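Going down the list, the protein sequences come from chains A and B. If you're matching positions, the first sequence starts at 1305 in the working numbering and goes up one per residue. If you're matching positions, the second sequence starts at 3 in the working numbering and goes up one per residue.
Be careful, since some hints might not be right.
[Claimed, not checked] Straight line, CA to CA, 27 Å or less: simulated DSS-like cross-link-like pairs of lysine-lysine: (1) A:K1417 to A:K1374; (2) A:K1374 to B:K22; (3) B:K16 to B:K43; (4) A:K1417 to A:K1377; (5) A:K1417 to B:K66; (6) B:K43 to B:K57; (7) A:K1377 to B:K43; (8) B:K16 to A:K1405; (9) B:K43 to B:K68; (10) A:K1359 to B:K66; (11) A:K1382 to B:K22; (12) B:K22 to B:K66; (13) A:K1417 to A:K1405; (14) B:K68 to A:K1405; (15) B:K16 to A:K1417.
[Unchecked claim] Which bits of chain A does chain B cover? Going by a derived footprint, with three or more residues having C-beta under 8 Å, they are: (16) 1343-1350; (17) 1359-1373; (18) 1409-1418.
In case anyone wonders, no lab produced these hints; they're calculated from the structure. All figures in this text were calculated on a predicted structure; none of them were measured in a lab. By construction, the Cβ of each residue, glycine as well, lies at the ideal position given by its N, Cα and C atoms.
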Amino acid sequence: AQTVTQSQPEMSVQEAETVTLSCTYDTSESDYYLFWYKQPPSRQMILVIRQEAYKQQNATENRFSVNFQKAAKSFSLKISDSQLGDAAMYFCAFFASNTGKLIFGQGTTLQVKP
Amino acid sequence: GAVVSQHPSWVICKSGTSVKIECRSLDFQATTMFWYRQFPKQSLMLMATSNEGSKATYEQGVEKDKFLINHASLTLSTLTVTSAHPEDSSFYICSAVRDTYQPQHFGDGTRLSIL
Chain A
1305 AQTVTQSQPE MSVQEAETVT LSCTYDTSES DYYLFWYKQP PSRQMILVIR QEAYKQQNAT
1365 ENRFSVNFQK AAKSFSLKIS DSQLGDAAMY FCAFFASNTG KLIFGQGTTL QVKP
Chain B
3 GAVVSQHPSW VICKSGTSVK IECRSLDFQA TTMFWYRQFP KQSLMLMATS NEGSKATYEQ
63 GVEKDKFLIN HASLTLSTLT VTSAHPEDSS FYICSAVRDT YQPQHFGDGT RLSIL
């Protein structure tokens, strides 16, 4: 069975600084995708970034980038130039093609200090 | 972008009543829809997977008779919480996908409060 672990329940960052959220996963599958979702207080689920396991290049989306270490089964999210609007709960998620299901980590609450 | 509408956004009802939550994909046909439950400050837990025209597949521990799922068309899935009790109070979120390899698009969720 696949599992996703986010070991940081809460993180804090100063506005304009950089923060990295950790995520590890466990799977025996070779065909899978990894995601980071943001859930602000409104509780809407917003896709931040997506990484295909077969791609070696780390995905980037503006201020958001990932460090995908396939052998170590690690998928961390780096937020650069943090903004107040980045404050939210962030979920790492794993998707395996063979199950068609999205497995979420426990979440990390990010606080951005002005 | 793909839009998923979930209705109602908030519902309060008495214990023992049944509540229906709708999930619609507004601008695409969803081959599969998913229903999640989320308790405060916790992660999303998959309840069931719904494919159009077929019975939903429930995750282990989810009561089929308590949480009725119907996926009548490629744009609509409904979750009915039958004979709801206070312990069913939670945040319910649906998502929809065009096909297996596309990202899930989430509705805005429904806050269910059972008195």
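If you draw a straight line from the CA of K1417 (chain A) to the CA of K1377 (chain A), is it 27 Å or shorter?
-> Answer violated: K1417 (chain A) to K1377 (chain A) is near 31 Å, above 27 Å.
Assess, step by step, whether the Cα of K1377 (chain A) is no farther than 27 Å from the Cα of K43 (chain B), and give holds or violated.
-> Holds, because 25 Å separates the two Cα atoms, which is no more than 27 Å.
Hint consistency between K43 (chain B) and K68 (chain B) [alpha-carbon to alpha-carbon, up to 27 Å] | holds, 24 Å
Mind checking, does the region 1343-1350 of chain A have 3 or more residues with a CB under 8 Å from chain B?
-> holds (count 4)
Is the straight-line distance between the alpha-carbon of K68 (chain B) and that of K1405 (chain A) 27 Å or less?
-> The given pair, whose Cα atoms are some 22 Å apart, holds under the 27 Å limit.
Is the hinted pair K1417 (chain A) and K1405 (chain A) satisfied, with a Cα-Cα distance of at most 27 Å?
-> With Cα atoms ~35 Å apart, K1417 (chain A) and K1405 (chain A) exceed 27 Å; violated.
Given pair status - K43 (chain B), K16 (chain B), alpha carbons within 27 Å | holds, 25 Å
Would you mind confirming whether the straight-line C-alpha gap from K1359 (chain A) to K66 (chain B) stays at or under 27 Å?
-> violated, 39 Å
If you look at each residue in the region 1359-1373 of chain A, do at least three have a Cβ nearer than 8 Å to any Cβ of chain B?
-> Not satisfied, violated; 0 residues make the cut.
Please work out if K16 (chain B) and K1405 (chain A) have their alpha carbons no farther apart than 27 Å.
-> violated, 33 Å
Are the Cα atoms of K43 (chain B) and K57 (chain B) separated by 27 Å or less?
-> violated, 31 Å
Chain B over the region 1409-1418 of chain A, status - at least 3 residues with CB closer than 8 Å | holds (count 4)
Of the numbered hints stated above, those contradicted by the structure are hints 1, 2, 4, 5, 6, 8, 10, 11, 13, 15, 17, listed in ascending order.
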